[in-house]
Amino acid sequence: MTSTAFDKNMSAIAFAEAGEHDTARQILGKTTQKQSSKSPAPPAKSKPYLKTIIFGTMSISAYVLLFTNEKLVTEIFTMGGWRWVYPVGAAFFFSFIHGAFASNLLSSLGLEAKK
Amino acid sequence: MKKLLIILMFALAPLSLPAHSALAAGDGPSKDMLKGIITQVNAAERTIVFQKDDTKELVTLVMNEKMQPEEMKTNQKVLINLDKHAAAANTMKDISIMFIDMSLSKLIALLVIGAVGGLLSGFIGSGGAFVMTPAMMSLGVPGAVAVASNMCHKFPKAMVGAYKRWKYGQADIKLGLVMATTAVVGVQIGIKIQKYILNQFGGAGSNLYISAVFMVVLVFVGGYVFYDAWKLAKGGGKETVSKLAVRMQKINLPPMMHFKTAKVTISAWITIPVGLLTGMLAATIAVGGFIGVPGMIYVIGASAVVASATELIIAFVMGAWGSVQWGLSGLIDIRLALLLLATSLIGVQLGALGTTYVKDYIIKVVMATTMLIVAISRGAKIPGYLIDLDLMSPIQESTITLLEAISFWSLVAALGSAALIIIVAMVKGMTADSRSKKAVLGTSNG
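Order-wise, the sequence lines are chains X and U.
Just so it is clear: in the first sequence, position 47 is 47 by our numbering, and no numbers are missing.
Just so it is clear: in the second sequence, position 256 is 256 by our numbering, and no numbers are missing.
Take the hints with a grain of salt, since some may be wrong.
Said to hold, decoys possible - With a straight-line cut-off of 27 Å between C-alpha atoms, the simulated BS3-like cross-links for lysine-lysine are: (1) U:238 with U:174; (2) X:51 with X:114; (3) U:167 with X:47; (4) X:115 with U:437.
To be verified - Some chain X residues near chain U, calculated using beta-carbon distances under 10 Å: (5) 78; (6) 84; (7) 88.
Hints in this document: simulated from the structure, not taken from any laboratory.
All C-beta atoms in this analysis are idealised placements derived from N, C-alpha and C, irrespective of residue type, glycine included.
The whole structure should be built from the sequences, with the hints applied where relevant.
Next comes the structure, spelled out in C-alpha cells:
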C-alpha cells in the first residue's frame, strides 16, 4: 500500500504530538524529498520571451520579404525542373524559424506538455 | 543509430525517382496540362499564342466554343488543359490563372484552415488535406496548384509535429520509416489502379471509384474506431491491444522487427501490407492516415498515441517526396504553402502537446468523428457522379446545389467538431493537471 503525502503529514503530526520530534522530522523529510524529485516543471524556469521575440521578428521579416517580392518569387519558384529546390527549401527554412517561434510562443503562453 | 540511418536512406530513396504523371496525392500532375504565358490573342481566329514555361516553345492553341477572347489574359502564368476529344487539334478544354490575387479575406481564410488543420494533424497524425485542397480550390486556386501547395505545406508541418511528439516519447521512428517506405511503393500501385480506372471508365468513373473507396473505408474504419473508443470510454479508458494485433504478433515469420517505442515485435510480413495499403489509399483519397493510424493500432498493436505520432513521420516522408514531384513540374504556389504554415505550425505543436493531457481514447474519438463526417461529405457527391455515368436519372439543379452545399459544409463541420473536442479535452486535462499539482504543493507546504 502506498501512503499519500497527506497520510505522511498526519503521521508526522501524530509523532510530533507524542514527543517523538526526530521521527516526525524524518517522516516529513522523506516526504519533501520525494516530492521535490517528483515535482514537475521547476518553478524557477523562466519563460522564453526573448527567444519568442527574436524568432518572431525573423519569421515576420521573412514573410514580409517574400510577400513584397511576390511576383518574382512565384515566377522563379514555379519554373520546374531542378528549381523544385526553391519551394521545398523555403518550406524547410520557414518551418525551422517559424516552428521555433511557434514553440517558444506556446511556452511563453504557459502551454507546456505534461511531464 | 546505424540501422535507423539505413532505414532513413531507404525511405528517402524514392525521392530521386523521376516525376510520373498521376492524379492524386503523392505524385505529379497530368501530362495533358500546359503551364506558361499567353503572348498573343487572335480574336478573329479564336486562337492564342502560348509560350510553354519549361521549353519556352511557342504553340498556337484554339479556344473552345465557350471561351471568350476577352477572358484570355496575356503576360500572366496560366494552366491550360487540352481537350483530347475535340475535333481540332490543340483545342483548350479549360484555362485557369495560376496565381490567385491575395485579398485580405482569402488570407484570413488560409490562416484559419491552416490553424485547424494543424491542430488536427498534431493530435491524430493526419487531417487537413481532405479539406485544404477543396478549400483552396473554392478560393479560385487551380486544382493541381492546390494539391501541390497543400503537399508543400504538409511535410514541414508533419516534421515539426513529429519532432515534438518524438520528444514526448510518443513517435516510433523505426516504425514510421518502415511504414513510409512501403507506403511510397503503395502510392505507385494506387496510381496504377487509378490510371486503369480512368482509362476504362473515364473521369466520372474515376471520381465514383474514389468516392466509393472513400465512403467504404471511412464508414467501416471510422465506425469501428468509434465503437472501440466508446467501449474504452465506458470501461474507464484503459486501452488494451486488439485481439487481431495479438494474433498477428504471434506469427513468427522472419524477418521479425522490434519497435521500441511502440513496444511491439512483429513480422515484417505484417508491417509491409499495412504500409502498402496506407500508400494505396493515400494515392486514392489523399488521406493515407485514415488507414495508417487504425492499421498501426488494430493490426500492428501500437497504442493510439504512438500510432498517431508515428503517422506524422510517414506524412513527412510522403509529403517531402510528393513536394519534390510537384516541384519538378513547378506547380507549388509557395505563398499558399507558407500562409497555411504560418498558423499550422502553431496548431500542430498545440495538438501535439494536447495529446500529453488527454486519455488515449480521446484520440480515437476525434479520429472517428472526423472520418464519419468526412464520409457524409463524400457521399453527397456520389449522386452527381452516378448521373454523369448515366447510372441514375438526372435530378433537379437545386438538389445538386444542395448536395454540393452539404458536401462542403460537412467538411467544415468535421474540422470544427474535431477542433472543439481537442480543445475541450485539452483544457479539461490541463485544469485537472494544475489542480493535482496545486494539491501536491499544498500538502507539502501545509
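Taking 10 Å as the limit, does the beta-carbon of residue 84 of chain X come near enough to a beta-carbon in chain U?
holds, 3 Å
Regarding the pair residue 167 of chain U and residue 47 of chain X, is the alpha-carbon distance no greater than 27 Å?
This hinted pair holds, its Cα atoms lying about 19 Å apart.
Can you confirm whether the C-alpha distance between residue 51 of chain X and residue 114 of chain X stays at or below 27 Å?
holds, 22 Å
When you check the alpha-carbon spacing of residue 115 of chain X and residue 437 of chain U, does it fall within 27 Å?
holds, 11 Å
Against chain U, with CB atoms and a cut of 10 Å, does the hint on residue 88 of chain X hold up?
holds, 5 Å
When you check the alpha-carbon spacing of residue 238 of chain U and residue 174 of chain U, does it fall within 27 Å?
Holds: residue 238 of chain U and residue 174 of chain U sit about 26 Å apart, inside 27 Å.
Under 10 Å is the threshold here; is the Cβ of residue 78 of chain X close enough to any Cβ of chain U for the hint to stand?
holds, 4 Å
The structure fails none of the hints (numbered hints given earlier).
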